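From first to last, the protein sequence lines stand for chains D and G. One point on numbering: in the numbering used here, the residue at position 129 of the first sequence is 129, and numbering is uninterrupted. One point on numbering: in the numbering used here, the residue at position 74 of the second sequence is 412, and numbering is uninterrupted.
Quick caveat, the hints were computed from the structure, so don't treat them as lab data. Small disclaimer: the values here were computed from a predicted structure and weren't measured. All residues carry an ideal CB built from backbone N, CA and C; glycine is no exception. Be careful, since some hints might not be right.
With beta-carbon atoms standing in for the labels, derived distance ranges [as the list claims (entries may be wrong)]:
| # | chain 1 | residue 1 | chain 2 | residue 2 | range |
| --- | --- | --- | --- | --- | --- |
| 1 | D | Arg25 | G | Ala533 | 43 to 49 Å |
| 2 | D | Ala271 | G | Tyr489 | 29 to 35 Å |
| 3 | D | Arg25 | G | Ala457 | 48 to 54 Å |
| 4 | D | Asp159 | G | Pro443 | 39 to 45 Å |
| 5 | D | Gly157 | G | Thr449 | 49 to 55 Å |
| 6 | G | Arg602 | D | Ser36 | 51 to 57 Å |
| 7 | G | Glu419 | D | Ala23 | 52 to 58 Å |
| 8 | D | Ala271 | G | Lys601 | 20 to 26 Å |
| 9 | G | Ser615 | D | Asp147 | 28 to 34 Å |
| 10 | D | Pro325 | G | Pro480 | 40 to 46 Å |
| 11 | D | Arg123 | G | Asp397 | 27 to 33 Å |
Rough simulated footprint, nothing fancy, chain D against chain G, three-plus residues with beta-carbon under 8 Å [to be verified]:
| # | region |
| --- | --- |
| 12 | 526-537 |
| 13 | 556-565 |
| 14 | 573-584 |
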Amino acid sequence: MSASPIIELRGVSKRFGPKYDAAARLTRAISRRLGSPPRDETVRAVDAVSLTVNRGEVVGLVGESGCGKSTLGRMVAGIMPPSEGEILFKGRDVADMNGTDTRDAKLKVQMIFQDPYASLNPRMRVSDIVGEAPLTHGLVSRANFEDYVDAQLSRAGLDPAFKRRYPHQFSGGQRQRIGIARALAVQPEFLVCDEAVAALDVSIQAQILNLFMDLRSELDLTYLFISHDLGVVEHLSDRVLIMYLGRIVESAPTEEVFARANHPYTRALLAEVPRIEARKHRFTAISGEIPSPLNPPPGCHFHPRCPFAMPRCAVEAPALREIAPGHRSACHLNEGTA
Amino acid sequence: MTATIEVRNLQTHFFTRAGVVKAVDDVSFSVNRGEVLGLVGESGSGKSVTGFSIIGLVDPPGRIAGGSILYQGKDLATLPEREMRSLRGNRIAMIFQDPMMTLNPVLRIDTQMIETVLAHDKVSRDEARRRSRDALGMVGIPSPDERLMAYPHQFSGGMRQRVAIAIALLHNPDLLIADEPTTALDVTIQAQILAKVQELAAEHGTALIWITHDLSVIAGLADRIAVMYAGRVVESGTAAEILDTPRHPYTHGLIGSVPSRNKRGEKLRQIPGMTPSLLSLPAGCAFRMRCAHATAACETEPENTGEGTRFLRCFHPMEQAA
Numbered sequence: 001m002s003a004s005p006i007i008e009l010r011g012v013s014k015r016f017g018p019k020y021d022a023a024a025r026l027t028r029a030i031s032r033r034l035g036s037p038p039r040d041e042t043v044r045a046v047d048a049v050s051l052t053v054n055r056g057e058v059v060g061l062v063g064e065s066g067c068g069k070s071t072l073g074r075m076v077a078g079i080m081p082p083s084e085g086e087i088l089f090k091g092r093d094v095a096d097m098n099g100t101d102t103r104d105a106k107l108k109v110q111m112i113f114q115d116p117y118a119s120l121n122p123r124m125r126v127s128d129i130v131g132e133a134p135l136t137h138g139l140v141s142r143a144n145f146e147d148y149v150d151a152q153l154s155r156a157g158l159d160p161a162f163k164r165r166y167p168h169q170f171s172g173g174q175r176q177r178i179g180i181a182r183a184l185a186v187q188p189e190f191l192v193c194d195e196a197v198a199a200l201d202v203s204i205q206a207q208i209l210n211l212f213m214d215l216r217s218e219l220d221l222t223y224l225f226i227s228h229d230l231g232v233v234e235h236l237s238d239r240v241l242i243m244y245l246g247r248i249v250e251s252a253p254t255e256e257v258f259a260r261a262n263h264p265y266t267r268a269l270l271a272e273v274p275r276i277e278a279r280k281h282r283f284t285a286i287s288g289e290i291p292s293p294l295n296p297p298p299g300c301h302f303h304p305r306c307p308f309a310m311p312r313c314a315v316e317a318p319a320l321r322e323i324a325p326g327h328r329s330a331c332h333l334n335e336g337t338a
Numbered sequence: 339m340t341a342t343i344e345v346r347n348l349q350t351h352f353f354t355r356a357g358v359v360k361a362v363d364d365v366s367f368s369v370n371r372g373e374v375l376g377l378v379g380e381s382g383s384g385k386s387v388t389g390f391s392i393i394g395l396v397d398p399p400g401r402i403a404g405g406s407i408l409y410q411g412k413d414l415a416t417l418p419e420r421e422m423r424s425l426r427g428n429r430i431a432m433i434f435q436d437p438m439m440t441l442n443p444v445l446r447i448d449t450q451m452i453e454t455v456l457a458h459d460k461v462s463r464d465e466a467r468r469r470s471r472d473a474l475g476m477v478g479i480p481s482p483d484e485r486l487m488a489y490p491h492q493f494s495g496g497m498r499q500r501v502a503i504a505i506a507l508l509h510n511p512d513l514l515i516a517d518e519p520t521t522a523l524d525v526t527i528q529a530q531i532l533a534k535v536q537e538l539a540a541e542h543g544t545a546l547i548w549i550t551h552d553l554s555v556i557a558g559l560a561d562r563i564a565v566m567y568a569g570r571v572v573e574s575g576t577a578a579e580i581l582d583t584p585r586h587p588y589t590h591g592l593i594g595s596v597p598s599r600n601k602r603g604e605k606l607r608q609i610p611g612m613t614p615s616l617l618s619l620p621a622g623c624a625f626r627m628r629c630a631h632a633t634a635a636c637e638t639e640p641e642n643t644g645e646g647t648r649f650l651r652c653f654h655p656m657e658q659a660a
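Kindly generate the complete structure, drawing on both the sequences and the hints.
Written out as structure tokens, the structure is:
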């Protein structure tokens, strides 16, 4: 595997906050004057994340709901601009590109969504869903349009005879294949899959995962594979990133994460993944709930639920440090050894 | 050991304009006191309709077309609605996938819980409130007194599901039917719910039917497993029997397609094709179109064979482990 980065994120953050009108700004300014600062209503969905994805790599991004993994995926796919930080596509900052280059870069990064029901326009025929973008962007001429669409559908494992149909005439697994055909139709190099198999039945999920693996070798694709399902991520990924409340807490090659998880959150997560190898046993649970990202705990976000928390954890956020070659973790417990 | 519930040859059909959909077709199983039965299947296999049939919540055009559901000598399939009402939510309770389906969004939690207590027990409102508060505490909701006064939207998804479980457990039911209650939840929250349900089943001797498509969840929870496909139980046995030595090719394929059962980075073993429409099922074994072992014999319906706890519907059972 060559180590040329295809996507690089540097200190990327995303904040969501209310837009204040003139009256609201005035009241907030007055209350600040009066010595009672108004409540901060900003959500830091993604908090200063840096990461690199190399060409040909499959990177798994794991986290629970509300940890910011989808927001991060959307920023990588160029659907959402970051509030802070830079996103580099093949070494160039996407924000600095001019019109044509931006368009080309965006076409090269495509996204596959979780819900195969909501992500397809119900009033468009499959041939238009798949063919519209390549036609608009001049990747195919009108004369070759039909053949091109047929080829895209076949590659995703769909019978081209169905291309005049509408999305509602397909099952969930087939719809996900339509979504994959649509993404591949613009000849991308990088796919962001956001929970792309979460809504599918187990037997259909295996079919779609196999399709992803075939396409990877066939088209030399790079993936950012976002999922809450550690079993799926373990099977597919070369490297795994673990996210908790907007921050990446651990990053390592897949074997390393599953054999020698370092961060207490990763370890807790791994311990609770239901395994088919397990037999009837008592379940135990990490105490507490995932805190609200509106009001995250200070210091290390995980400290209120962490069995090893020290006073320092409540004050100072640990940095993501290398603890072994290629293995990085954000935990104060590593200070003594590193 | 006596069975808490015994389902015999249950048939629940939906009489639609397009034809009769046999959502549940000749399903039999029993669950003993304190036992956990995992009812496993993919979408459209009839696992949820089986649950709805037991608790008497099948809506027209569907109805129980045959078979019996025996509970304490009574057949729930033919029980008058008035008597069913006195059992539902009392002796037999259900938890749904989406807790918002159980909870009324415009009523406070205390209203909904007290109403449930008073529906079946003649106690004072104060006593009902105390029992509601205790139930919330039991499922691990912090400061239950305050939380009783909250509305469902003020709870997170995991908390809402716990409230739904607390309501289901208010009358210490003999049978609890759980229909994918943790599917929408994160793994850490899922583990909390599983731990809680397990503890309660052990303490009160509640029989549990856990409906799911996720074999990994059921592996650590169930005593016995029944696998459904296209309205029929194709294989049933103890959890270890089903998971270690599956004999039906469908069960075998289902277990084989779980990522952790495959070597990393290699192609997953997959079952070809997809679940057939219940409106146009092939004659004979419904799985034969996707089955690598199918022969001409499979064009006739395989009988339910087996003894003791192990049952199978297949002409070509598999011998090797998954």
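Status of the hints after comparison with the structure:
Roughly 48 Å separates the CB atoms of D/Arg25 and G/Ala533, a value that falls within the hinted 43 to 49 Å. Separated by about 34 Å at the C-beta atoms, D/Ala271 and G/Tyr489 satisfy the suggested range of 29 to 35 Å. The given range of 48 to 54 Å is respected by D/Arg25 and G/Ala457, whose C-beta atoms sit roughly 52 Å from each other. A C-beta distance of roughly 43 Å is found between D/Asp159 and G/Pro443, which places it inside the suggested range of 39 to 45 Å.
Checked against the hint of 49 to 55 Å, the C-beta distance between D/Gly157 and G/Thr449 comes to roughly 51 Å, which is consistent with it. The hinted range of 51 to 57 Å is satisfied by G/Arg602 and D/Ser36, whose Cβ atoms lie roughly 55 Å apart. The given range of 52 to 58 Å is respected by G/Glu419 and D/Ala23, whose C-beta atoms sit roughly 57 Å from each other. For the pair D/Ala271 and G/Lys601, the supplied restraint of 20 to 26 Å holds, since their beta-carbon distance comes to about 23 Å.
Range check, G/Ser615 to D/Asp147: Cβ separation about 31 Å, and the 28 to 34 Å hint holds. A C-beta distance of roughly 43 Å is found between D/Pro325 and G/Pro480, which places it inside the suggested range of 40 to 46 Å. Separation of D/Arg123 from G/Asp397 is about 30 Å and conforms to the stated range, judged on CB atoms against 27 to 33 Å. Check on the region 526-537 of chain G: 8 of its residues sit with their Cβ under 8 Å from a Cβ of chain D, so the three-residue criterion for coverage holds.
Coverage of the region 556-565 of chain G by chain D holds [criterion: at least 3 residues with CB-CB distance below 8 Å; count 5]. Against chain D, the region 573-584 of chain G contributes 3 residues with a C-beta closer than 8 Å to a partner C-beta. That satisfies the three-residue criterion, and the hint holds.
Checked against the numbered hints given earlier, the structure satisfies every one of them.
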